[in-house]
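K.L.:
Listed below are the residues making up each chain.
There are 2 protein chains.
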Amino acid sequence: MSRDRKSECLEDMRRRILTRNIVPGADLDEAALCAEYSLSRTPMREIFQRLNGEGLIQIEQNRGAKVSSMDLATMRVFFQTAPMIYCNIARLAAENRTTAQLADLRAIQQEFRAATDAGDAEVASFRNHRFHEQIGLMAHNPYLIVALRRMLIDHTRLSQIFYRPSGDDEAARVQASVAQHDQMIEAIESHDAEAAISLTMDHWNLTRDRLERYVMPDPLPTETHAPEFQGA
Amino acid sequence: MSRDRKSECLEDMRRRILTRNIVPGADLDEAALCAEYSLSRTPMREIFQRLNGEGLIQIEQNRGAKVSSMDLATMRVFFQTAPMIYCNIARLAAENRTTAQLADLRAIQQEFRAATDAGDAEVASFRNHRFHEQIGLMAHNPYLIVALRRMLIDHTRLSQIFYRPSGDDEAARVQASVAQHDQMIEAIESHDAEAAISLTMDHWNLTRDRLERYVMPDPLPTETHAPEFQGA
DNA sequence: ACGATACAATATGTATACAGAAAGTATCCG
DNA sequence: CGGATACTTTCTGTATACATATTGTATCGT
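Chain order of the listed sequences is A and B. For what it's worth, my numbering labels the leading residue of the first sequence as -9, then goes sequentially. For what it's worth, my numbering labels the leading residue of the second sequence as -9, then goes sequentially.
It cannot be assumed that every hint is accurate.
[What the hints assert, rightly or not] Estimated spans, in silico, between C-beta atoms of each pair:
hint, chain 1, residue 1, chain 2, residue 2, range
1, A, T64, B, E179, 21 to 27 Å
2, B, M65, A, T64, 41 to 47 Å
3, A, M65, B, A93, 25 to 31 Å
4, B, Q51, A, T64, 29 to 35 Å
[Unchecked claim] Coverage of chain B stretches by chain A, computed from C-beta distances (three or more under 8 Å per stretch; other residues unrestricted):
hint, region
5, 38 to 52
6, 71 to 84
7, 132 to 140
[Unchecked claim] Distance condition first, Cα-Cα at most 30 Å in a straight line; then the derived DSS-like pairs of lysine-lysine:
hint, chain 1, residue 1, chain 2, residue 2
8, B, K56, A, K(-4)
9, B, K(-4), A, K56
10, B, K(-4), B, K56
11, A, K56, A, K(-4)
12, B, K(-4), A, K(-4)
Since the hints were made in silico from the structure, they are not lab data. Note that CB positions come from ideal geometry on N, CA and C, so glycine has one too.
Model the full assembly from the supplied sequences, consistent with the hints where possible.
P.N.:
Put into structure tokens, the structure is as follows:
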């Protein structure tokens, strides 16, 4: 049925944007996507409106849609805002979670762990996204969850690199991250808001180092046979 | 031109929902609205998607759209979350505002004051909304502004009653509220984040008392000739 | 008379044709 | 040869007809 085609397309577009299968800033070709998902323009344009509302894409008047970019100014604000949102969400999740939601969280964590074990960076980062979104749902706060969702868009797109560890040290960090998820589940289960917040800060600090290193990597050696390039 | 019809409709729908011209929970009649704004169904449905993305309405599969309701559970969360969002927005606005934005804020405040002086509750609450949304823009934080916007939807719909003072005391509170806006402008202009936060808390406490009284008014007298109704 | 089912009416979702705007290209003039 | 303008092409926006789903109603059977 066509209903499935549409919602499948919507979900798939979300996944593709979050995993950078469609890169930040890319133009969306309406006609091509219609053909790809066997939809006519009307439902596809509706999907665009949805994605726009979720902050995944931007629609410009008479000029099509493009995937939200990740510019430097936004990254700065991202690192500034993340701890506050994440910690408050963690507190509320510990306080307000239902048992059904906790079971869902465990299931997501299991899938997340499998993806990290398999070394599939794309799937791992997407399941990490779902893990944190689920905690957001557990907070039962319609105001904060929209902020969390915006954060997770950029977080997930950045963290692609995190789950592609290039050495033993980085692999250990991924394992630590998975273990922290387990601890967060326990804290939320026992309604321990303080522990949930503390673990969330640890979790954030761990990933932050890695993300910052991605944004600002070690400089290339200045003394090579490549043309020299001095300072800014 | 049709472009104007569409964006005018979108803006007007926003205004009507925020001022409770269309009440919370009301069904939206697609055909009737199409006729009213001289639009065909396609752009009207696009407007619905936009409003849905902004949290003003909810769209249900094969079952039309309705204005977001304001249930008790949400109100509780509203009062819990508002101070955090408002204060953080105030801090960031003081830190990051541009002079152009400050000029806009002053213009909005002038219009707001005119509406309160004229005693027009509907226009006053809508312009109060624009005032606080403008401060949100000045924060330059794409994550927090979506949370702020969600808060302001409920805040504005609740505050209708605030700007319809039923006595000298309540009128004085409205005047105090207008004066606080002026002070907030000064704090933001001088990049004084601490003052902006402090004023925002005062402003919130003032309106909170009034809003809570609206949500939970003084009980009706129990001794009347109306049929008695004991306890819960 | 009550409930269930079939049918009709209405409302929602989709496809497509047409209209209008933006962008690219070619030609003309200086 | 360079720049501006007109034309063509392509993409975006809108209207409308059609398809599908839901809801209300009437009839039939028990």
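K.L.:
Run through the hints listed earlier and report the numbers of any the structure violates, in increasing order.
P.N.:
2
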